[in-house]
Amino acid sequence: MSGTPASDALDGAITAITAAGCETPRLDAEVLLAHVLGVGRERLLIDSELMVEGPAVRAFQDAVRRRSIEREPVAYITGRRGFRHLDLTVDRRVLVPRAETELLVEVGLTLGRQARVLDLGTGSGAVALALKHERPDLLLSGSDVSEDALEVARTNGLRLGLDVHWLHADLLAGIPDEFDAVLSNPPYVAQAERGALAPEIVRHEPAAALFAGADGLSSIRALLAQVAERRRVRVVALEVGAGQAQAVAELMSRAGFPALRRERDLAGIERVLVAERGEGARS
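If you read the sequence shown in the working numbering, its first letter stands for residue 1154, the second for the next number, and so on.
Please note that the accuracy of each hint is not assured.
Beta-carbon label-pair distances, calculated as ranges [unchecked claim]:
| no. | residue 1 | residue 2 | range |
| --- | --- | --- | --- |
| 1 | 1191 | 1360 | 18 to 26 Å |
| 2 | 1407 | 1196 | 21 to 29 Å |
| 3 | 1157 | 1420 | 36 to 44 Å |
| 4 | 1318 | 1161 | 46 to 54 Å |
To be clear, the hints were calculated from the coordinates, so they are not data collected in a lab.
Every residue, glycine too, gets a C-beta built ideally from N, C-alpha and C.
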């Protein structure tokens, strides 16, 4: 199998990925080719003599096929996803970490020194690990109902050398009342919205981490009912879907967490709701 100039291979991949309807074809192609060649993306632009040859030819063809025909997320193909300042291992056992979820990290960064923080529904461990990396003083735990997801999170924690305690739990069931703050990116997609989701999501990401009943709020309702009984928890921050902010705000208020603020993502969507209750609040 003869070699091909990297620029030509890249152009062909961009054409195929564009035709498939992917949103960022050039970025996808560059990330995949850089991954296959084991080089940084900048090398693709500055090295006119770079070739795709030997086993890399077939590997790149396969990566482009997975992206364009199967619509597999780039992160699953490469096995990596950047989040904040970390490079996380990801696969189909966990959701691909999104930029909007970084808003939960921003909330965590405002907490007092040595606060005990639970990243509930941790998945790959993204929020817990990012917080531990940027605020080593915080006492971080990450929980998930999926043992498979926790295996990914543990792998990331060990590889990055970050001390996070991992817990297997369905929401707060069985978790001690020892946390000052609960941060969560829970399932929040309504079942009826399945058809509107991108193929990357529906075909490849874990459904249990996405869907939450008829209105998308079943997991949030259950979580807030549990957290209302937790005497120590003073801060709750939840990632929510587009158009859900007002309904979730009302649920938070009924759970005893007023003083609400809403954080918008880069698209202007009210994406993360933050609520606190005072020291004297009834739990």
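Hints, one by one, checked against the model:
1. At about 33 Å, the beta-carbon gap between residue 1191 and residue 1360 misses the expected band of 18 to 26 Å.
2. Separated by about 55 Å at the C-beta atoms, residue 1407 and residue 1196 break the suggested range of 21 to 29 Å.
3. Taken as a hint, the range 36 to 44 Å holds for the pair residue 1157 and residue 1420, whose Cβ atoms sit roughly 38 Å apart.
4. Between residue 1318 and residue 1161 the beta carbon distance is about 50 Å. The supplied range of 46 to 54 Å therefore holds.
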